[in-house]
Structures are given as structure tokens and as C-alpha cells.
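The chain contents come next:
2 protein chains.
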Amino acid sequence: MEKPAYKIALLGAGNVAWHLAPALEKAGHEIVYVYSRTLANAEALAQNLKAAQATDQPDFSQTSADLYIMAVKDSALPELLQAAVFPENSLVAHTSGTLPLMVFEPYKNIRGAVFYPLQTFSKNTPVSFRNIPFCLETTDENAMLLLQKTAGSLSEQVYKVNSEERKILHLAAVFACNFTNHLFGISAEILQQNHLRFEMLQPLVEQTVQKAFSQNPFSVQTGPAIRHDENTIQTQLQFLQTNPTYQQIYELLTRSIQQKS
Amino acid sequence: MEKPAYKIALLGAGNVAWHLAPALEKAGHEIVYVYSRTLANAEALAQNLKAAQATDQPDFSQTSADLYIMAVKDSALPELLQAAVFPENSLVAHTSGTLPLMVFEPYKNIRGAVFYPLQTFSKNTPVSFRNIPFCLETTDENAMLLLQKTAGSLSEQVYKVNSEERKILHLAAVFACNFTNHLFGISAEILQQNHLRFEMLQPLVEQTVQKAFSQNPFSVQTGPAIRHDENTIQTQLQFLQTNPTYQQIYELLTRSIQQKS
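Chains as they are written, first to last, in this note's numbering: chain A, 190 to 450; chain B, 190 to 450.
Only chain A is shown next, with the shape it has when bound in the complex:
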């Protein structure tokens, strides 16, 4: 694959920027600016980069970058967007999974876009971008081409996803990640209260995930609910009687599994 080298300015020095900036450099791009409200944070990130200038002033009027990436918290974006000054017709992309493209609507002098890596980032956990899906959105065709080349230089999974679809992705992620994490928490709590280690379940959980992504998850459902094993279901409900919420979750998910079978 050809490696297009773009000049990229990064607004934000948090978890996303922290991983994205070096990855973009490694892919051949040049990070020209790192902005953060806190200069020390911008400097800390810029230090790890070849030629990035750190700044706490979001005035980019005298700069020229092919792409301005706003990797800040959802709650901080509107304010920063209002404060920032970009050269006329700049391509400015945010990295949020939830903010619509519409946030750029009031700013007619720039081309707004979404450059959203579908993954959670934490500073100390290394990330391989190769398999991270990038969800891209913009109404400008040339801008889309540039975003696709940029994302494609990082990852093999690049998708056009509009704001409506991003909402659906987010809902699906709530079920597949947020809610499952809560079930892991309940499972861990049950084990810990009985002096058993949650780690014992790790191989089984990992296998469950592999199976779910290799086939339709509903088609590989196992357990007492799908077997209509009333004996086990009643015993397990009985065990949960000290926690009515967990009992309700057990009953409702059992019923939902049985509805699907």
C-alpha cells in the first residue's frame, strides 16, 4: 500500500491522542502540532514525537495542516471548537463515537469530519491499530479520500459510518461491552464471596467470545436456559435470593434466551 504522508495537527493530549500520534508518525505522517489546554500535557506528548510543536493556544490560523484531529472528551469538544481558529477550508475531524457530524454545522469556514477509532484507550496499555475499525464520516468527497488514506495507513478496517449508524454502533456496544462487563462483575462477586477466583473463568469467557464472533451468537448459545433445564434454573435462582436485582437479571435473561430458541 502506498503511504501518503500528511501533515496532521492534534488537538488533545489524552488517551486517544497519546496512542494515535505515534501511530500516525509510524505510518509516515508528520505530526506538526499538539495542542492541549495544559501546556505540560501537550509538551509531554510532543516529546515522544519527531517534529511536533506543543501549544496551549488553539489558534491555528497561521498553520497549514492537511488534517486537524480533535481528540478531546465529548464534553470539551463544543467549547474547544468555538475557541479554535483554523485556516479557511481546513479539514477538522473529531474522534468521538457519540457526537454527530452536526457539531461542525455552525462553522461554515471548515470542513467537519469524524475520524472515530472503535476502541477504548488507556495510556499504559499498548494498542495495535491494525485491527481497530475506523469509522469515517464527512460530506466532502476529497476529505473522505484523505480520511480513508489516513485511516488505511493505520488499520485494515476502515468503514464509512454516518452519524445515525454510529448511534446504532454505540447502542450495540452498550450491550456487547458495558452490559457484559457488568455481568462479569456479578460473576466475579459471586465467586469472590465464595472464595473462588474469577480468573478460573477466563479461558471459558475467551472461548465464548471467539465462538460468538465466528458464528451467530444466538446459534451457539449454551447453558441451562436454552436447555430448558428447570431444575438447575430453580436451584440457581434460589442461590441468588439474597440479591433480588441479580435474581431479576437471571430471570429476564433466561426468558429472553428461551424466547430466541
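It should be emphasised that the hints constitute simulated quantities derived from the structure, not laboratory data. Honestly, I wouldn't trust all of these hints.
When chains are identical, the list treats them as one kind, so a pair holds in a single copy or across two.
PhoX-like, lysine-lysine: derived pairs with alpha carbons at most 25 Å apart [unchecked claim]:
| id | residue 1 | residue 2 |
| --- | --- | --- |
| 1 | Lys449 | Lys349 |
| 2 | Lys449 | Lys338 |
| 3 | Lys239 | Lys449 |
| 4 | Lys312 | Lys400 |
| 5 | Lys239 | Lys297 |
| 6 | Lys262 | Lys400 |
| 7 | Lys196 | Lys297 |
| 8 | Lys356 | Lys262 |
| 9 | Lys449 | Lys196 |
| 10 | Lys349 | Lys338 |
| 11 | Lys215 | Lys297 |
| 12 | Lys239 | Lys356 |
Assemble chain B onto chain A, guided by the hints.
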């Protein structure tokens, strides 16, 4: 680690036996017999082994093995146990996660045990035993030593787990595996109905699992519920209105997450 070589007879030629038998051989043990109700199945498995004799007769009275492993379905075990004939004082272990040690109670001439690998097996998916937790139970001290050596020759994770604890492990696995798989199914369905691919969520799900097992899952909870992001919660509930069960699951899990925070 010393590699003790035991003579082992396998009763069953299903998924568990199919993976366990060659792994035991590789660990230095000798599989001397493979029993199956269907001779062809016993033969098919024995063919892959060095010196195993296939049989469809559960009469082991003229044999001498250090360990008889009954790797059959829960529903088939009681009948096979009644039909089988073992030499006096034989060590006979089942591989079930749900059957209690008590199933051996009526058979005073043998030493009953549990040799339970905490993983699901399917014939065509290769398995590495190294990380699979083995849950062992028996009342006989020498028998426990032999089971520990056998399990220890396969895996680095060997646990003494009594029948009551095994029940709790099973309940925890229902939450962490069966119920999460159902949530994966709902997530995949929502995406597919909107022409989006479930595979897009795989990196995020895998990261969620890694995080959940590296810290307390409750402490790494993310999403609209824990943020009390009522706006997103209401929008997402609205989206689910055509499916009352999914709506109920969303409401209940959101409430449960908030109770824990």
C-alpha cells in the same frame, strides 16, 4: 516438573475425550482403553492414540488402570456407572461441572472422583490445556495426589473444588458466559438489522474482557449507565421500543450498574 506416567482408561469418545486423550498421551501417560457405546466411535479415537484398545463393553474387571476417566454426557453418566464393572478400589473420575461427587456414593467398591476441565470443547477446535483450570474432587488423599499429578501434567491451573463450589462456579459461568453470549446475540442482531457488521465490535469486546480480568470488572465499568447519561439512556431505550424484552434488559442492567456505582 516430573512427568508421572499413568495408565488411564477413557470411558467416552465425545468432545472432551477427543481432546483429553491425545493431551494425556503427550503428557507421558498411556491410554490403555477407550470405551464408547458405539464401537466405531471408540475405534476412531483409539486410532489416534498409541496403544489404546477400543471397546463397547464397559466391563473393565480384567483391566488395571491407575485412573478411569468417565467423559460422557451428564445424562448418560448414571446409567454407564451402573453398567460398568471396575476392579476393586479403582479410581473412577467424571469430568462433569455439574454432577456432584455423590453420584459415586452407591458404588462402595470404587473410589469416586471429579476431574473437571473448566472449558467447552468442540471436536474441530484445537485446545491448549496449559491454561485450562482443572477442578478436582475426591475424599481419598492418595487419589487426590494422583489426580493432581495427572491434571498438573496437562495444565498450570489445578484446583481442589468441592461439589458445592462447583455449583457456584457453574452459576458464575452462567452470568459470565451464557448470559454474555446472549447479549452478544442482541448486539449482533441490532447491528445486522441496520446493515452493520458485528465484527466491528470484536476489538472492543476483547479489550473489555482483558480489562475485566485484569481488574475488578465493577471498577472498570464504562458507558451511559455509570455516567448517569440520561439523555443517551432515553434515546437508546426509544430505539429499542419495538422489542419490549430488549428494552427490559436495557432498563434492568442500567439500574443494576447504577446500584453498584
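**Asked** Which hint numbers doesn't this structure obey?
**Response** Failing hints, ascending: 1, 2, 3, 5, 9, 11 and 12.
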